[in-house]
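Peer 1: Residue numbers (this note's numbering), protein chains in the order written: chain H, 1 to 247; chain A, 1 to 220; chain X, 1 to 222.
Derived from the structure by calculation, the hints contain no laboratory data. Fair warning: this is a prediction, and the values are worked out from it, not measured in the lab. We put the CB at the ideal spot given by N, CA and C, even for glycine. Wrong hints could be hidden among the right ones.
Residues from chain X shown here face chain H by an in silico Cβ test under 7 angstroms; the list is partial [claimed, not checked]: (1) Glu60; (2) Ser114; (3) Ile118; (4) Gln119; (5) Ser122; (6) Ser125; (7) Ala131; (8) Gln132; (9) Ile138; (10) Pro140; (11) Gln177.
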Amino acid sequence: MAEILNIKNLTKSYDDLVVLDHVDLSVNKGEVVVIVGPSGCGKSTLLRCVNAFEQIQEGEVTLHGERINPCRGKLNTVREKIGMVFQSYELFPHKTVLQNMTLAPVKVKKINKKDAEKEAEALLDRVGLLSKKNNYPHQLSGGQKQRVAIVRALMMHPEVLLLDEITAALDPEMVREVLDVVIQLAKEGRTMVIVTHELSFARAVADRMVFIDGGKIVEEGSPEEFFERPKTERLKKFLDSFSYSAK
Amino acid sequence: MNTDIIVSYFPRYVDAFWLTVRIGAIGVGLAFVIGLVVAFLIHFKIPVLAQLAAVYVEFFRNTPLLVQLFFIYFGLPKLGFMVPAETCGALGLGLLGGSYMAEGFRSGLGAVSKSQSEGALALGMTRGQMFFHVIFPEAFALSVPAIVANVIFLLKETSVFSAISLMDLMFTAKDLIGLYYNTTEAFALLIFFYIIMLLPVSIVGGIVEKKVRYKMFGAQ
Amino acid sequence: MGFEVLLKGTNMHRLLDGLWVALRISLISVTISIVLGVILGSLMTLKNPVIKVVSKIYLEFIRIMPQMVLLFVVYFGSTKALGLSITAESASIIVFSLWGTAEMSDLVRGALRSIPTIQYESSYSLGLNTAQTYLYIIIPQIIRRMLPLSINLITRMIKTTSLIMMIGIVEVLKVGQQIIEANRKSAPNAAFGIYATIFLLYFLVCWPISLLSKYLEKRWEN
Numbered sequence: 001m002a003e004i005l006n007i008k009n010l011t012k013s014y015d016d017l018v019v020l021d022h023v024d025l026s027v028n029k030g031e032v033v034v035i036v037g038p039s040g041c042g043k044s045t046l047l048r049c050v051n052a053f054e055q056i057q058e059g060e061v062t063l064h065g066e067r068i069n070p071c072r073g074k075l076n077t078v079r080e081k082i083g084m085v086f087q088s089y090e091l092f093p094h095k096t097v098l099q100n101m102t103l104a105p106v107k108v109k110k111i112n113k114k115d116a117e118k119e120a121e122a123l124l125d126r127v128g129l130l131s132k133k134n135n136y137p138h139q140l141s142g143g144q145k146q147r148v149a150i151v152r153a154l155m156m157h158p159e160v161l162l163l164d165e166i167t168a169a170l171d172p173e174m175v176r177e178v179l180d181v182v183i184q185l186a187k188e189g190r191t192m193v194i195v196t197h198e199l200s201f202a203r204a205v206a207d208r209m210v211f212i213d214g215g216k217i218v219e220e221g222s223p224e225e226f227f228e229r230p231k232t233e234r235l236k237k238f239l240d241s242f243s244y245s246a247k
Numbered sequence: 001m002n003t004d005i006i007v008s009y010f011p012r013y014v015d016a017f018w019l020t021v022r023i024g025a026i027g028v029g030l031a032f033v034i035g036l037v038v039a040f041l042i043h044f045k046i047p048v049l050a051q052l053a054a055v056y057v058e059f060f061r062n063t064p065l066l067v068q069l070f071f072i073y074f075g076l077p078k079l080g081f082m083v084p085a086e087t088c089g090a091l092g093l094g095l096l097g098g099s100y101m102a103e104g105f106r107s108g109l110g111a112v113s114k115s116q117s118e119g120a121l122a123l124g125m126t127r128g129q130m131f132f133h134v135i136f137p138e139a140f141a142l143s144v145p146a147i148v149a150n151v152i153f154l155l156k157e158t159s160v161f162s163a164i165s166l167m168d169l170m171f172t173a174k175d176l177i178g179l180y181y182n183t184t185e186a187f188a189l190l191i192f193f194y195i196i197m198l199l200p201v202s203i204v205g206g207i208v209e210k211k212v213r214y215k216m217f218g219a220q
Numbered sequence: 001m002g003f004e005v006l007l008k009g010t011n012m013h014r015l016l017d018g019l020w021v022a023l024r025i026s027l028i029s030v031t032i033s034i035v036l037g038v039i040l041g042s043l044m045t046l047k048n049p050v051i052k053v054v055s056k057i058y059l060e061f062i063r064i065m066p067q068m069v070l071l072f073v074v075y076f077g078s079t080k081a082l083g084l085s086i087t088a089e090s091a092s093i094i095v096f097s098l099w100g101t102a103e104m105s106d107l108v109r110g111a112l113r114s115i116p117t118i119q120y121e122s123s124y125s126l127g128l129n130t131a132q133t134y135l136y137i138i139i140p141q142i143i144r145r146m147l148p149l150s151i152n153l154i155t156r157m158i159k160t161t162s163l164i165m166m167i168g169i170v171e172v173l174k175v176g177q178q179i180i181e182a183n184r185k186s187a188p189n190a191a192f193g194i195y196a197t198i199f200l201l202y203f204l205v206c207w208p209i210s211l212l213s214k215y216l217e218k219r220w221e222n
């Protein structure tokens, strides 16, 4: 399998506080990597380092062998290739669903507006939101907003999709509709790096699980090994904290 | 700047200062009461009175105090309502301020969420208890920034009182300049006394705002 | 009740001319305030300590100093302090612009701050560069937040310009006084009718603008 994304020896710190400590991670084409870990372990920061929203103190991130953080060239041309979806959706409130989706393809990729709209409509149809294309974000539910945010990212045909706790702000009944979309994308063979708290979803969607604690990758492996036969005490404890079964 | 002149002017400014503060305080107090009453009338949709209150708010928010004062002071006596200058100043300020305060209280009342009142009802409170113990205090807290801004605005507006021959700070400065032409000293004292009057209000207002915000949301 | 005086000769026309004097001065001052306020407000979001201190003092001074005081100080004080004599009209435009710029810059700063960083990041992550992000994402949102408040500033400016009569500009109130004086004998009750009319005129000018501001605020709430 061809490697797309490579994180090597990445260290990120704020003043004295080390958030990520010499992290190595490689993502292959078509692979879905799910990162879990306790709050504040640095997993979201890792995603933000990939997209160069954070400056890193050591190491490097490469996409197809091209260094993207620290970045020498134009950041926006790099970010075009990396899609990102945020916990808080971050749709543009002054634009309709369709305008949200076509803005970047038309302005950045200089795609014909008609073509972009056609593509956007097809994507919206797939996530069951075609009827909302002319609505403004504030008229949508959280789950609907997040589905729009996902397909908006897809409009740029990113090579990697970063999903940062995309269900954390949602009401429980809306989590499913969003995760279903992500599972579909995984089946299509999209390359994704996902940070989440939804362990059952993680297990369903992941090709590989990564556990980060204290800024370090503590354990990684196939979902089965990861959940059934955790090797480290720290992962066992972390997984236990999610189960309510009597001991 | 001549210190002798400053010293000789000072007592006149002190008198004017107290006059301004007195009328300003009465006006602000009046504005508060009018604002509360009007906000209640509108919030509870009391028939007829609510509509009248809304007309009052629109009229006084959309006209200058100076015009309101001229109307009350020079216009109303023609209909037989004589209003002494001091009363006119306080009344004008109160009416103007009442319309602003009403808007502030009303948006506060509107902003207190429905779930909040359901919570109180669930605790077994009567509607009256709920309003006075839960909704009103919270709405009031939400209105604090607007109230502070309005108080500063109203105290600044007192500077037009000289137009109806009240011997306030502005009047004193104009009078002294007219008499002796010591513009610099007269203006320096004028600015000084307005700072004395309004800077504490602004600072205390800022602190109160912060405290309320802290109480309501646990952080700024 | 004194309304009949308005129908005499050109009285009503003179009153409206007076109103226009006040409106013209407010519109010029608002325009200047918006331009300077946007510049100052943007500068204030930079973390430059000098700009921070200077703007803070400027804003606080304007916040607590009555416009009337500023009007007198600039009009009568400038002659003495700077040795130049400015017209009453320029003095009022200077003062109202000083005041409006302070108000506007505070609004601009607030609007700029109210857009969270992640909204910028969301735009960057789609590949938009900084210029595109400001042009398509940030500035349109700021305008929506600013416009209702800026329109509101217009009504406040119009109301404040009633003060210019105090430095001798012949505007609507002054014209009203002149009409009352001139008809003292024939219409002793003119003061009621004239001032009621001026009251109504100001209302008719400011009310629609307030309504527009409220409407836009509601419409763009989200």
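Peer 1: So, for every hint listed, does it hold in this structure?
Peer 2: Hints, one by one, checked against the model:
1. Glu60: This hint is violated: X/Glu60 lies away from chain H, its Cβ roughly 32 angstroms from the closest one there, beyond 7 angstroms.
2. Ser114: violated, 11 angstroms
3. Ile118: holds, 6 angstroms
4. Gln119: holds, 6 angstroms
5. Ser122: holds, 3 angstroms
6. Ser125: Since chain H brings a Cβ to about 4 angstroms from X/Ser125, closer than 7 angstroms, the hint holds.
7. Ala131: violated, 10 angstroms
8. Gln132: holds, 6 angstroms
9. Ile138: Check failed: Cβ of X/Ile138 comes no nearer than 10 angstroms to chain H, outside 7 angstroms.
10. Pro140: Since the shortest Cβ distance to chain H is 5 angstroms, the answer is holds.
11. Gln177: violated, 48 angstroms
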